[in-house]
Amino acid sequence: MLLLIPLVALLAIPLYNSINPTLGGVPFFYWYQLLWMPLGALLYYIASVIWNDKEKKEESEKRKAARKSSSRKRSRR
Amino acid sequence: MIDPLSIAVFVILFILFVALGFYGSRWRKGDLSKLKEWGMAGGRLGTTLGWFLLGADIYTAYTFIAVPSSLFAKGAIYFFAAPYVIITYAFAMWAMPKFWKIANKHGYLTMADFVREIFNSRLLAISIALVGIVAELPYIALQIVGMQAVLIALLSGVGATQTIIELSLIISFIILAAFTWTSGLRGATLGALLKDALILVSVVAVVVAVATLGGFHAALINASATSIHYFQLPSSLYNAYWSLFVFSALALYLYPHVVNGSLAQKNPATVRKTASLLPLYSIGLGLLAMFGFMIYGVPAALSYVHSFPASVQGTQVVPGLILTLLPPWLSGAALLGIFIGGLVPAAIMAIAAANLFTRNIAKEIKPKMTPKEETRVAQIFAVVFKFLALGFVFLIPATFAIQLQLFGGILILQVLPAFVFGMITKNLNRRALFLGLLGGVVSGVYMMEAANNYAQWTTTLVGTGIGPVFIGMIALLINIVIVLVGTWVANYLKITNQLPSSYVAE
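Chains as they are written, first to last, in the numbering used here: chain F, 1 to 77; chain U, 78 to 583.
No lab work stands behind these hints, which were simulated from the structure alone. Check before you lean on any hint, since a few could be wrong.
[Unchecked claim] Derived Cβ-Cβ restraints for the label pairs, each shown as a range:
| hint | chain 1 | residue 1 | chain 2 | residue 2 | range |
| --- | --- | --- | --- | --- | --- |
| 1 | F | Ser-18 | U | Ile-543 | 20 to 26 Å |
| 2 | F | Met-1 | U | His-183 | 28 to 34 Å |
| 3 | U | Glu-526 | F | Asp-53 | 46 to 52 Å |
| 4 | U | Val-281 | F | Met-1 | 48 to 54 Å |
| 5 | F | Lys-62 | U | Val-285 | 39 to 45 Å |
| 6 | U | Ile-251 | F | Leu-23 | 20 to 26 Å |
| 7 | F | Met-1 | U | Asn-181 | 25 to 31 Å |
Here a beta-carbon is modelled for each residue, glycine too, at the ideal position from N, C-alpha and C.
The shape of chain U in the complex, shown without the other chains (with noise of 0.2 Å):
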């Protein structure tokens, strides 16, 4: 099935990415045993250069394998990912500019830092930094299924799929954790150059092949007659389409990683800059998604798909018509791009997780850490949190893989109240704020548990009065209720933060 060029392609090019990823731990020299160098790059990349870290961030193994496998098995209402990834910057505009002031003043280097000075908490810090960590894991483990995801395309000339799904998904999981070890957050940056030439190239390459074939009109007529609403929103999924653009909108800016990636470039200024431009990264994102009815089009594609079990046919869409359509050679280069599109953002997410547990867990607990020792308890951490990853793959189908990134989504908002109103007002009682982010995560996990009736997570939609909607905005909105109710309480009672009468405000 599969060429053996297209196999060779993807091993030469697997190896000169390797080496790209060593040279970036010497690359614009710095001390990497020190961890702002190793988790943060040094903080000094400018707009090109950023504006790559932070699409490496965001346009992971979510944009070339869940959102497109979600589309295929789901339909149109999986296109929320496109104007998700439109209206998100211009909440990155506003919040990324303000922390990296701030941060950069108080010498912070996570949200957890800030939350901890001016609400005066530690145990707000340390439960942020923990909801921070948590939502990563199952968003790491998305990019393992993508990952997973290429390896099973390559193997699928060779023996049985069950055993061919195991062992790519243990070698995926290898190839990971020695990447992050070794490079930090230079290597995976030089990563990420030479994967969005090689998705690019492809995309287009996809594109104009599908439309010289004549083959959106096939697919229009041919996914019409799928009982699967493909091309339009039926009127009570109306609900769940907004909320899930802009509560995944919201959140995004919330991940650890992304907010790591904005405070590692120079200036605010650049911040914003570098997310003003961002959406037209999201122009691959939404043809990518759009694969997901094309291959109706291509019959090659489609019964390629239809060879797999149906828990991963979805993520077999983009790599079948990779393979259908595109010679073997640059194939091999676009099945490699999607692999490294899986990779360096689960380097990126694990490395952001493992600073955020040294720097506001594990020192709480030894504050006097020399920084060599910071950063080998961040790279041990690092390779455990992928561990941990692992265990949420197999929650999921893998064809509905574009849940564990809703799930990090419900968890990451509940920090929304501390970071993002910590930002405007520090008038917020501290406990108010922790018995909110606690009700959130509770309400939210107890949702998602009950919204798939306690099996695997094929949902992230919660019915109501006004139709099924994004579990994530419930829980927001619970997690609010709780902080301005329990402020009101506490003002009432006159209970301060007791912040002390040194800090200054913003």
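For reference, chain F alone in the conformation it holds in the complex (with noise of 0.2 Å):
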């Protein structure tokens, strides 16, 4: 979700595409896009620390299984 929010608000093109509100006599054509770079990164980076998160989980959680199985057949023989 985190990913897509840059993606939806650079389609938005009608929506950007005008000289005003200016920003030191940069167009807001350009600042907004420019403002999109930190706030993608912030929003990329957040959902990276989560994504990595959750994988993580799921394999330590995918070694313990495997652990278990692995020590069952050990006891089985």
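Two chains, two separate frames, one set of hints: put the complex together.
Here you go:
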């Protein structure tokens, strides 16, 4: 979800395709898209932390499950 | 015109850079005669270095020269590069960690390794490798154009323009070939650090200088007086704008050098974190792109640019602003930053193309190669590819150099079905994938030629019912349709990929 916010914001071209309001002489068209760079990095970074945590948990669970099944096999032997 | 001090600073820093390159070959020691060491820095990069390496992969002469140049020549439409270098990382955060894990588990070094096994097709793997290599060539050519632009600016005090342009092209090329041969990916990463520091300082300095001169307001007034749409898109170009940025974004992480750079990092979590932070790098790209209209606020820079023939004018926008606004020592440093900004990526791309050639084409022909032979083949072909890339330089007026990267994008997008869909499902027919690839490449090249009336390339847009759109999108859609229809037909006829029963999918 966090990953899609910048995409949607940038696909809405008619929304930002204007000169005014200017910022220090820079047209809205430019500074709006520039603004999405730090915003995008922030959202993506949060998303990457959440995502990496989730994968880490999944992997450790998988490993636990694998250890259990292998120990079961061993005990059967 | 140019201060001797700028040239002196340029030369001294260049020597420092070369020294770093040689040091790189000894840094974090590895056996450089092994392909993985020469070509992937051993695969041990953490977040910070990985960030810089990928930054060097991605922010290249494309950013420093091509985007500002085309924005200057054609207006706001070429600011598509800004949204492109934001959303591409969302795709990367999904695709690259996934591919890293698959590659690590099965010992793949390239995309073609993966495709070969999952679809059990040598033909498909070799074609993917070929498309990857050919797609890198125009991108390398773009870097040569960037290096050339810097040398033109440095040498513009001496002799006739035409001679300078040709001379600087030859010098750029020789330096590039020598650099790649000696240091491999490690040297390139260290060089990237120097480049980024130089560029960052000079971009900020130029923007501050323009702002304090009141240049933005002047630019707004002066540039509005021209016939080019600098500050707003005409509504007829909406579809061109989004198709350019969305499909460029999909294309970036398909390039062999970018995939290579991702695999060179130490683990999938790092790959994802690195990608998430790369939009910060894009701020530099955005500001540089704006140089394309900012120049209208600096009359001295504008007249400097106009002193060159139209075919190279655009490429002089950034050097022009740097030379007129910055003190000589800083402009020398900034120009060196841009020069290395072409040199390092070109080396990285040539290395990636050579890796791919060695593993997926040469090895198919001669399977038994010692590691030493492998590295030698890769080194030789890295040089050969640069010669081939040179050919692309002549296809395009330098001002429109961005079309080189976009053409590369059209080609590399065609590997998307096999690579990306391949990570999700193996139920696609290998022959359909091959035909789709072929259809996409052929239709892409054809549309490119037709859109430019079979003359020098100045556009990658093709007219459609919804206005002009990026050719890469149409070619990829053709490709995907062929893949889906072909797979459906194959299923209907019960033709399978004959995967060995031992193969276990992810």
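A quick look at each hint next to the structure:
{"no.": "1", "hint": "Ser-18/F to Ile-543/U: 20 to 26 Å", "result": "holds (22 Å)"}
{"no.": "2", "hint": "Met-1/F to His-183/U: 28 to 34 Å", "result": "holds (31 Å)"}
{"no.": "3", "hint": "Glu-526/U to Asp-53/F: 46 to 52 Å", "result": "holds (49 Å)"}
{"no.": "4", "hint": "Val-281/U to Met-1/F: 48 to 54 Å", "result": "violated (34 Å)"}
{"no.": "5", "hint": "Lys-62/F to Val-285/U: 39 to 45 Å", "result": "violated (52 Å)"}
{"no.": "6", "hint": "Ile-251/U to Leu-23/F: 20 to 26 Å", "result": "violated (45 Å)"}
{"no.": "7", "hint": "Met-1/F to Asn-181/U: 25 to 31 Å", "result": "holds (28 Å)"}
This entry does not satisfy hints 4, 5 and 6, going by the numbered hints stated previously.
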